[in-house]
Amino acid sequence: MFLQLKNINFKYDGNHQYVLKDFHLQAAKGEIVSILGLSGSGKSTVIRLIAGLEVPAGGTIEINGRLVAGPDSFVPPEKRKVGMVFQDYALFPHLSVYENIAFGLSHLSKAELSARVNSLLELINMSEYGSRYPYQLSGGQQQRVAVARALAPKPDLLLMDEPFSNIDCELKQKMRGEIREILKSESATCLFVTHDKADLEDLSDRSITIEPN
Amino acid sequence: MTKLIRGFNETNIWNLLAFLIVAATVIPVANLALGVLPGENENWRHIREYLLKDYVVNTLILFGFSGLFASLIGVSLAYLVTVFDFPGRRFFQWALILPLSVPAYIAAYTYSGMLGYTGIITRALSGLFGRDISIDIMSVPGAIFIFTFFLFPYVYIISRAFLAKYTASLIESAIMLGKNYTQIFFQVILPVSRGVIASGSALILMEVANDYGVASYFGIDTFSIAIFKVWFGMGDVGAAAHLSLYALAFIVFIILAEKAIRGQKRFAIATTKVRLLTPHRLRGAKAAIAAGYSMLVWSLGFFIPFLQLVAWSALTYEEVLDQSFLQATVNTVFAAAFCASLIVCCAAIITNSARISRSRLVRTAGKLTAVGYSAPGAVIAIGVLILFIWLNAMTELFWSYSLITSIYMLLFAYLVRFMAVGCNSLENGFEKIGKTYFEASRTLGFGVTRTFFKVDFKMLLPSMIGAFSLIFVDMVKELPLTLILRPFNFNTLATKVYEYAHDERVHHSAPVALIIIAICSISVYSLSKLDKE
Amino acid sequence: MKKFWLLTLSLFLLSTVLLTGCGGGTPAPAATKPSVEAKEVNIYTSRHYPGIDDAIYKSFTDKTGIKVNVIKASGEELLQRIKTEGASSKADIYLTADAGNLYLAKQAGVLQPFTSPALTKNIPADFIDTDKMWVGLTMRARVLVYAKDRVKPDDLSTYEDLTQPKWKGKIVTRSSNNIYNQSMLAAFIAMNGETQAKEWAKGITANFARQPEGGDRDQAKAVAAGKADVAIMNSYYLGQMLSSKDPLEVKAAESLGVFFPNQNTTGTHVNIGGAGIVKSAKNVDNAVKLLEYLSDIEAQQKFAEASTEYPVNPAVEPSALLKKWGTFRKQNINLSKLGEHNRRAVQIFNEVGWK
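From first to last, the protein sequence lines are chains L, R and B.
Following my numbering, the numbering of the first sequence begins with 11 at its first residue and continues without gaps.
Following my numbering, the numbering of the second sequence begins with 42 at its first residue and continues without gaps.
Following my numbering, the numbering of the third sequence begins with 8 at its first residue and continues without gaps.
To be clear, the hints were calculated from the coordinates, so they are not data collected in a lab.
Just so you know, not all the hints are guaranteed correct.
Unchecked claim - Okay, derived cross-link-like pairs now, BS3-like style, lysine-lysine, Cα gap no bigger than 25 Å in a straight line: (1) R:K495 <-> L:K91; (2) B:K362 <-> R:K94; (3) L:K21 <-> R:K300; (4) B:K139 <-> B:K286; (5) B:K309 <-> B:K70; (6) B:K159 <-> B:K258; (7) R:K495 <-> L:K164; (8) R:K206 <-> R:K300; (9) B:K177 <-> B:K155; (10) B:K209 <-> R:K94; (11) L:K89 <-> R:K499; (12) B:K330 <-> B:K159; (13) B:K159 <-> B:K175; (14) R:K499 <-> R:K570; (15) R:K476 <-> L:K21; (16) B:K128 <-> B:K65; (17) B:K128 <-> B:K139; (18) B:K155 <-> B:K234; (19) L:K120 <-> R:K499; (20) R:K476 <-> L:K91; (21) B:K344 <-> B:K139; (22) B:K258 <-> B:K330; (23) B:K286 <-> B:K344; (24) L:K89 <-> L:K16; (25) L:K89 <-> R:K495; (26) R:K476 <-> L:K89; (27) B:K252 <-> B:K330; (28) L:K120 <-> R:K495; (29) L:K39 <-> L:K207; (30) B:K155 <-> B:K330; (31) L:K207 <-> L:K194; (32) R:K476 <-> L:K164.
Kindly generate the complete structure, drawing on both the sequences and the hints.
And the structure:
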């Protein structure tokens, strides 16, 4: 399995109750999996655990055959090769669209970098927006930039936290299609959190539901 | 368990650095307060019998009323200048920070001069009513007045920035729900901004706690005075330590109260769009009241004492100003700029590791720096001196440089004193930014350190400049540490003022006081410009 | 980005250089042999007469080539600093405006005995410590300042008289935190015993026109304002008011008279500004030279004229203003007593509720 979570336990600091208890999850390469659940059921927590933004209290996480979190090892988020699209996109307000997408590509040469960023801009249909700043973009545009930014370093795995929650209905449908195309063309494995049934029908290959603990 | 085994990663380095800085700033005071066993001796019994009650009562009254009035004035003015448009609004927006540029002890001397028998206000009143009417400023209410009107900008600055950026939609929706502006202030603004009010008034209370100048001139027995009296006057370190423990309890109380009021939940408003409120234009009587209120506060907290100092300076400047002032000005500005930069850097390390760390210890460590900010200056001075004598003994073996007569001792003491101001400002800054940008950067392959420089630093820069200005102003005004710890022949503007004021020649101290106010005003002005952007 | 850091770094470096330059008065390293003194002397002083003291130090340097390095703070703070610094202290002279602090310094063991023919010639024996640990340089009297229009000098007699019921609500003086009041009460303890001294403090407290506040000048102003009739304060501050640039202050001061109490009994309370040589001093000879100079006619004259204090050197006349107030008989008491009874004095103040 490409992604494997085993026996994960987790609780937030200062809280006595476990958000996740003995949680399991698997995903195959290239698969798009959606995670459903009521709010507060811990579905965002799953994504944050995979990204390395939270430390599990017990259990193991493996990505692409590599143990990233276990009893005596923990790989910090920057070394996990995982891309993430945040619910509010978290585009850096002090950087332009181009710079935002280029952010995770500092290991590339200048020529390679601009080629990669431009191809991504093209992919999300925003080639002429490179010099704009996040506050000059609409919600849908911000979301596409966020996806492009997350995909830019060619992550093994893409995580998305309620990616469509801030976008209006008509656009949503269009976006789902676009994102799916982008994901497939990059042949990325993707895990995303949603509470909208339409999301999983349009976008995902498979879905799982988290029951509140 | 897993945390321990994970070993020496980047976060740990940040934590270690933060821990070292916090330790360095806490050791000098902790060394004194805890190193000496509080003595149950004759002096202590004497204090308990005759004095302790007064100390506690006075300190509590000063804390309660100064904190309350300063918060109310600060928030109400912030509300006024952000939500409404009235004549003079643009001016008051920045001018209301100016009272911070007047050191409290100078304000105390100036007001008692004006309200004394020969003072201008007393003269004017007796001219008006035909008999002598005198207002006694040298009293507990007088001290509350001084603290309120010269420290309220701490609350004003921070709540104005908050209101301007984050409450537009709240105010608008409250209006749609049929509330008027007064109701909004009490039902929406006050509760919503309680976090920033708490953090502003914590600074005010700590300034009140460490004050020596105002209380000693007005003859009010506070803990700061008592510690000084018992230790330096009676030479009883044990009893002084005992008193310090009481004083420390007050500080712990302030810190806990701040934390409690801010609430468990760290709110972060991480929208990429900051919507500014369009101010509501006031007309007629309402506009006059708004302008009048702002004018009144500004006049009492800045303009009136400023005019008085100018008038006194006209009498004495020829006698007072000479070459040595140029040197004192240079010393003041460079020491302040140097230390303020250093403190901002250290505070950034402390607050950033507090933010990223999962350990509760590290997260609260920054709060410990409050000890340095709230302890009486004389106590910190001696604590630092002890540390440096120890260091000196170590370095003397291989280095003939005398640390205890060097400027470094004083500079270090400044760090101890003002680290809390830096931490407080940057903590607020980080709260505003939130954590998602940090997380986004981490998932894009950037480590903690690179993330800090590439992302957090850029976004934190306004807060850092703000912290710099605040610390700079505090440093220019600083007196007790400079007095005790300065090297030979080293003068700052504040020590120059002190020399005259201590000799009860307030008129002669006026020209130098004006230079201090001028320098601080520039810094304060830049602070206000920063907020606009 | 790079530029920013470069700028910050260079600013840091620049300020470090400038600051160390400014603090450049740092004494030479301790490595010098004890017999060869540096051409300098280091003073910790709590005298704040800006201009005057500095000018006197400067003329000393011009005369002898010995540089005078100064740190100014309050007497208590400086004493604490010297005590804390111990053997590594760089202070040579401890100069303060009160005999009480000199006593405390002596008690703390941070002073060393010193003498010289010139010093014994310049300074009367009353103003030299019995163990030669310190010498007095200037003197000030704690007098009664009264409102000329309400009080006749004949009504005034002694400090003790002020505790009479007829003065109820008419007396002002500053807080008991102040060392001048502490030393005054200490003198009473020494002369009249603890019981009487406490009675006196109690009586004065009962007659206060208001709770103590402000400095000595503020007491004079309170009398001028009619809030009280008599102030117990140092003559020195009234002299300052008379020479003020503010005509209103001068006018207020002119409405006040000076009375030297206890002339027929124990004498008026006096206190001194004086100096001792620190035990760990590296420049003892220079320190003695400076003290000789400060007690010599030239410097004493400057003290007298500029700061309206009484010179200790009998060869020097007080300023014209002080002479106008007349001569007086001072308390006949060893000034060490002021320090000896200081602690008890502070306690008595607290016990009788003198704030």
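Quick rundown of the hints versus the structure:
With a C-alpha separation of about 19 Å, the suggested pairing of K495 of chain R with K91 of chain L holds against the 25 Å cut-off. The straight-line distance between the Cα atoms of K362 of chain B and K94 of chain R is roughly 13 Å, inside the 25 Å bound, and the hint therefore holds. In summary, the hint linking K21 of chain L to K300 of chain R is supported, as the alpha carbons are separated by about 23 Å, within the 25 Å threshold. Pair hint K139 of chain B plus K286 of chain B holds up; C-alpha atoms about 13 Å apart against a cutoff of 25 Å.
Simply put, K309 of chain B and K70 of chain B have alpha-carbon atoms about 16 Å apart, close enough for the 25 Å limit, and the pair holds. Pair hint K159 of chain B plus K258 of chain B holds up; C-alpha atoms about 19 Å apart against a cutoff of 25 Å. Using a Cα cut-off of 25 Å, the hinted pair K495 of chain R and K164 of chain L holds, with the two alpha carbons roughly 21 Å apart. Taken as a hint, the K206 of chain R and K300 of chain R pair is honoured in the structure, with Cα atoms around 23 Å apart against an allowance of 25 Å.
Between K177 of chain B and K155 of chain B the alpha-carbon distance is near 14 Å, which keeps this suggested pair within the 25 Å criterion. Proposed proximity of K209 of chain B and K94 of chain R is supported: the alpha carbons are some 20 Å apart, at most 25 Å. As the CA atoms of K89 of chain L and K499 of chain R are separated by approximately 23 Å, the hinted pair is consistent with the 25 Å bound. Between K330 of chain B and K159 of chain B, the direct Cα distance comes to roughly 20 Å. Compliance with the 25 Å bound is thereby established for this hinted pair.
Restraint check: the Cα-Cα separation between K159 of chain B and K175 of chain B comes to about 17 Å, which is no more than 25 Å; the hinted pair holds. Proposed proximity of K499 of chain R and K570 of chain R is supported: the alpha carbons are some 18 Å apart, at most 25 Å. Our distance criterion of 25 Å between C-alpha atoms is met by K476 of chain R and K21 of chain L, whose separation comes to about 19 Å. A hinted pair counts as satisfied when its Cα atoms are at most 25 Å apart, and K128 of chain B with K65 of chain B qualifies at roughly 24 Å.
Restraint check: the Cα-Cα separation between K128 of chain B and K139 of chain B comes to about 14 Å, which is no more than 25 Å; the hinted pair holds. About 14 Å separates the Cα atoms of K155 of chain B and K234 of chain B, which keeps this hinted pair within 25 Å; it holds. For the hint pairing K120 of chain L with K499 of chain R, the CA-to-CA distance comes to about 23 Å; that is within 25 Å, so the pair holds. Between K476 of chain R and K91 of chain L, the direct Cα distance comes to roughly 20 Å. Compliance with the 25 Å bound is thereby established for this hinted pair.
Proximity of K344 of chain B to K139 of chain B is assessed by CA-CA distance (about 15 Å); at most 25 Å being required, the pair is judged to hold. Distance check on the hinted pair: K258 of chain B and K330 of chain B sit about 20 Å apart at the alpha-carbon level, within 25 Å; holds. For a cut-off of 25 Å, the pair hint linking K286 of chain B to K344 of chain B stands: about 22 Å separates their Cα positions. For the proposed pair K89 of chain L and K16 of chain L, the alpha carbon gap of about 20 Å is at most 25 Å, so the pair holds.
The straight-line distance between the Cα atoms of K89 of chain L and K495 of chain R is roughly 17 Å, inside the 25 Å bound, and the hint therefore holds. With a C-alpha separation of about 19 Å, the suggested pairing of K476 of chain R with K89 of chain L holds against the 25 Å cut-off. Taking the CA atoms of K252 of chain B and K330 of chain B, the gap is near 22 Å; set against the 25 Å cutoff, the hint holds. Simply put, K120 of chain L and K495 of chain R have alpha-carbon atoms about 18 Å apart, close enough for the 25 Å limit, and the pair holds.
A threshold of 25 Å between alpha carbons decides the hint, and for K39 of chain L with K207 of chain L the separation of about 23 Å falls inside it, so the pair holds. The straight-line distance between the Cα atoms of K155 of chain B and K330 of chain B is roughly 19 Å, inside the 25 Å bound, and the hint therefore holds. Our distance criterion of 25 Å between C-alpha atoms is met by K207 of chain L and K194 of chain L, whose separation comes to about 21 Å. Using a Cα cut-off of 25 Å, the hinted pair K476 of chain R and K164 of chain L holds, with the two alpha carbons roughly 24 Å apart.
Hint compliance for this structure: every hint is met.
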